[in-house]
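From first to last, the protein sequence lines are chains A and B. Under the working numbering, the first residue of the first sequence is numbered 1, with each subsequent residue one higher. Under the working numbering, the first residue of the second sequence is numbered 288, with each subsequent residue one higher.
Everything labelled a hint here was simulated from the structure, so no lab data went into it. Bear in mind that the values here come from a model prediction, so they are computed numbers and not experimental data. Possibly wrong hints are sitting among the right ones.
[Unchecked claim] Some but not every residue of chain A turned toward chain B, in silico, with C-beta under 8 angstroms: (1) Phe19; (2) Ala23; (3) Gly24; (4) Ile37; (5) Ser39; (6) Leu43; (7) Ala93; (8) Val97; (9) Gly101; (10) Val109; (11) Phe111; (12) Val119; (13) Ile122; (14) Leu131; (15) Val132; (16) Ala245.
[What the hints assert, rightly or not] Covered by chain B, according to a simulated footprint, are these stretches of chain A (three or more residues, beta-carbon under 8 angstroms): (17) 153–164; (18) 205–213; (19) 217–228.
[What the hints assert, rightly or not] Computed, partial: chain B to chain A, Cβ under 10 angstroms: (20) Leu301; (21) Val303; (22) Val381; (23) Met527; (24) Phe535.
Cβ coordinates follow ideal geometry from the N, Cα and C atoms, glycine included.
Each chain, letter by letter, is given below.
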Amino acid sequence: MLKIKRHVSLRRRAANILFTLGAGAAAILVLAPLFAILSYLILKGVGSINWEFLTNTPQPVGEPGGGMGNAIVGSALILGIASLIGVPLGIGAGIYVSEFGRGRYANIVRFTADVLNGVPSIVIGIAAYALVVLHEGHFSALAGGIALGIMMVPTVARTTEEMLLMVPHAVREAALGLGVPQWRSIISVALRTARSGIITGVMLAFARVAGETAPLLFTAFGNQYWNTNPGQPTAALPLQIFTYAISPFDEWHRQAWAGALVLIVLIVLAVAVVRLTARRGSFAQQS
Amino acid sequence: MLTCSLSVLAIVALIVYELVSGSRLSVAKFGFRFFLGSDWDPVSGQFGAFPFIYGTLVSSLVALLLAVPLAVGVAVFITEICPPALRNFTSFTVELLAAIPSVIYGLWAIFVLAPLLRQWVQPALADTLGWTGLFTGPPFGIGMLAAGIILAIMIIPIIASITREVLVAVPRHQREAVLALGATRWEMVRMGVLRNGRAGILGAVILGLGRAMGETMAVTMVIGNTPQIAKSLFAPAYTMASVIANEFTEATGNLYLSALVEIGLGLLLVTVVVNGLARLLIWSITRGTPSRV
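The task is simple: from the sequences and hints, build the whole structure.
Okay, structure coming up:
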């Protein structure tokens with residue numbers, strides 16, 4: 001590159017240096033908490049993770065061998081229900097908006113999805129409580145799953161739409177030109193081409209709700225024992241971490257750190273899988 | 288497919304309906320005074336939500352004051368300064384910050400941030416800025432300041448990643464035009480980039496505000512949960528989301544429950560307005576392409 005020497009006043013040069021330093025300092029300050037949190041998690045959590053922690057149920061204070069096995073299973077149950085609800089609805093809405101949605105209605109759906117994305121999770125918890133818990137008369141994994149499922153819909157819908165819009169028109173036209181009906185071309189051509197991107201969106205939504213606590217407080221509620229019945233109150237990993245973190249007992253604090261480490265490892269694994277599938281896909285490359 | 292897209296609208300309608308019908312009792316009893324009254328006394332059946340509204344507003348404001356300069360700074364760093372080799376790493380790390388669950392932020396805030404504030408930051412603030420009245424009183428560690436800081440950490444990735452998208456959307460020739468006039472990099476960013484991205488950055492900030500106001504767990508764990516209005520940021524406080532989280536399962540009596548649902552309704556309305564505004568601003572810049580958060 002051609003470098004032209006020119007006279008720049010001291011004040012302007014100083015402002016420029018200050019700006020560069022400032023932006024660099026901002027980047028360091030933003031990244032510092034991440035490393036602080038991750039290192040604390042590993043430092044404080046690793047010591048308490050063992051086979052018993054992963055397989056036992058919680059014990060009263062003072063009794064050894066307490067664990068979060070039931071909470072891990074409970075989280076899996078709730079997240080399974082959430083995915084069953086959130087993924088089909090989200091993908092369906094995304095397909096509609098991108099393939100059939102032209103004009104006003106599609107824009108309203110888009111806008112509503114974005115607004116739903118910003119509704120506080122605790123408010124969604126109240127709605128799920130009113131919808132399910134009040135009618136059934138007791139807390140349940142189903143209610144928790146519905147709350148989290150609702151939260152997945154907007155993320156999945158918007159990513160699906162985004163990914164489908166990236167499928168080139170020529171590909172669709174090629175399918176239509178062969179006499180394939182539109183529904184068939186959407187399923188076998190557009191969806192298949194956009195697959196890895198859509199999976200990315202689903203996993204992102206999944207990772208986001210996996211750590212949600214607030215909507216579970218009064219839907220899944222928590223449970224000291226094993227439960228695999230969706231109609232019963234169920235323990236969840238984030239709930240258990242919360243309960244232990246605000247308790248006054250050191251032993252429980254240690255378990256909270258260990259539970260947090262398990263949770264974050266599961267979520268980071270999910271995000272890493274996302275990155276890998278996204279990179280492997282032919283497009284859907286994101287910045 | 289049409290049904291699925293209708294479900295998005297139906298879900299939002301259902302949420303609003305459930306909250307409105309759930310809060311009917313409290314609305315009928317207290318009317319508009321509910322949001323202005325400052326007595327929160329479940330035992331005698333007095334419910335006023337003002338301390339919670341105050342707590343939500345002030346904690347979000349503190350968070351914005353801390354987060355906006357840092358988030359815009361890191362976005363500018365990524366798009367304009369960062370060497371290309373580091374660019375992916377930095378934006379990936381910022382994204383990772385958004386993936387950490389709220390409850391883990393809270394855990395870290397209780398056991399690391401609060402002691403840090405109590406021992407070092409609060410005494411220092413009281414010594415230097417105590418005269419403002421914002422930093423007085425006993426340093427508990429937990430309180431409004433701790434809540435504001437943890438909220439700031441949590442909303443930085445949201446503001447930063449949208450700001451980054453907005454800055455990337457600023458056309459290259461804008462930058463080149465300003466540089467061609469002999470501007471330094473700072474002048475180029477200020478005149479060619481930030482000024483063009485103004486509306487979008489404002490949208491990102493408002494979106495961050497919406498997130499901060501609805502954030503529940505981390506705040507509940509460090510704000511101290513005391514329904515009071517204090518000038519000092521060291522004092523414990525309470526937010527709308529926290530009071531729902533703490534008291535919903537323990538609420539005895541229909542009126543108590545209804546009052547909590549009404550707080551939820553208030554929270555919903557405020558966040559819907561805030562988010563709607565933010566999305567419109569961002570859409571006007573990025574032409575409706577969905578954002579990643």
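Against the structure, the hints:
1. Proximity of phenylalanine 19/A to chain B holds as hinted, the smallest CB-CB distance being about 4 angstroms (cut-off 8 angstroms).
2. Against a cut-off of 8 angstroms between C-beta atoms, the interface hint on alanine 23/A holds, since the closest Cβ of chain B lies about 4 angstroms away.
3. Hint status for glycine 24/A relative to chain B: holds, with the closest Cβ pair at about 6 angstroms, below 8 angstroms.
4. Hint status for isoleucine 37/A relative to chain B: holds, with the closest Cβ pair at about 5 angstroms, below 8 angstroms.
5. Checking serine 39/A against chain B: minimum C-beta separation of about 10 angstroms lies over 8 angstroms; hint violated.
6. Look at leucine 43/A: its Cβ only gets to about 10 angstroms from chain B, farther than 8 angstroms, so that hint breaks.
7. Checking alanine 93/A against chain B: minimum C-beta separation of about 4 angstroms stays under 8 angstroms; hint holds.
8. For valine 97/A, the shortest C-beta to C-beta distance to chain B is roughly 6 angstroms, which falls under 8 angstroms, so the interface hint holds.
9. Annotation: glycine 101/A was flagged as interfacial toward chain B, and the flag holds, the nearest CB pair being 7 angstroms apart, inside 8 angstroms.
10. Below 8 angstroms, beta-carbon pairs count as interface contacts, and valine 109/A has one with chain B at about 5 angstroms; its hint therefore holds.
11. With a least beta-carbon distance of about 7 angstroms to chain B, the hint placing phenylalanine 111/A at the interface is held under the 8 angstroms criterion.
12. Hint status for valine 119/A relative to chain B: holds, with the closest Cβ pair at about 6 angstroms, below 8 angstroms.
13. Hint on isoleucine 122/A holds. Least Cβ distance to chain B is approximately 5 angstroms, under the 8 angstroms limit.
14. Hint on leucine 131/A holds. Least Cβ distance to chain B is approximately 6 angstroms, under the 8 angstroms limit.
15. The criterion of a C-beta within 8 angstroms of any C-beta in chain B is not met by valine 132/A, whose closest approach is roughly 11 angstroms, and the hint is violated.
16. Residue-level restraint check for alanine 245/A holds (minimum Cβ-Cβ distance to chain B is 5 angstroms; threshold 8 angstroms).
17. With 7 residues carrying a beta carbon less than 8 angstroms from a beta carbon of chain B, the stretch 153–164 of chain A meets the three-residue requirement, and the given coverage holds.
18. Given a C-beta distance limit of less than 8 angstroms, the hint that chain B covers the stretch 205–213 of chain A holds, as 6 residues qualify and 3 suffice.
19. Check on the stretch 217–228 of chain A: 3 of its residues sit with their Cβ under 8 angstroms from a Cβ of chain B, so the three-residue criterion for coverage holds.
20. Interface restraint check for leucine 301/B: the shortest CB-CB distance to chain A comes to about 7 angstroms, inside 10 angstroms, so the restraint holds.
21. Because the smallest distance between the Cβ of valine 303/B and any Cβ of chain A comes to about 9 angstroms, under 10 angstroms, the interface hint for this residue holds.
22. At its closest, the beta carbon of valine 381/B sits 7 angstroms from a beta carbon of chain A; the interface hint therefore holds under the 10 angstroms criterion.
23. Because the beta carbon of methionine 527/B sits about 9 angstroms from the nearest beta carbon in chain A, less than 10 angstroms, this interface hint is met.
24. Checking phenylalanine 535/B against chain A by beta carbon gives a least distance of about 5 angstroms; that is within 10 angstroms, so the hint holds.
The structure fails to meet hints 5, 6, 15 from the earlier list, while all remaining hints are met.
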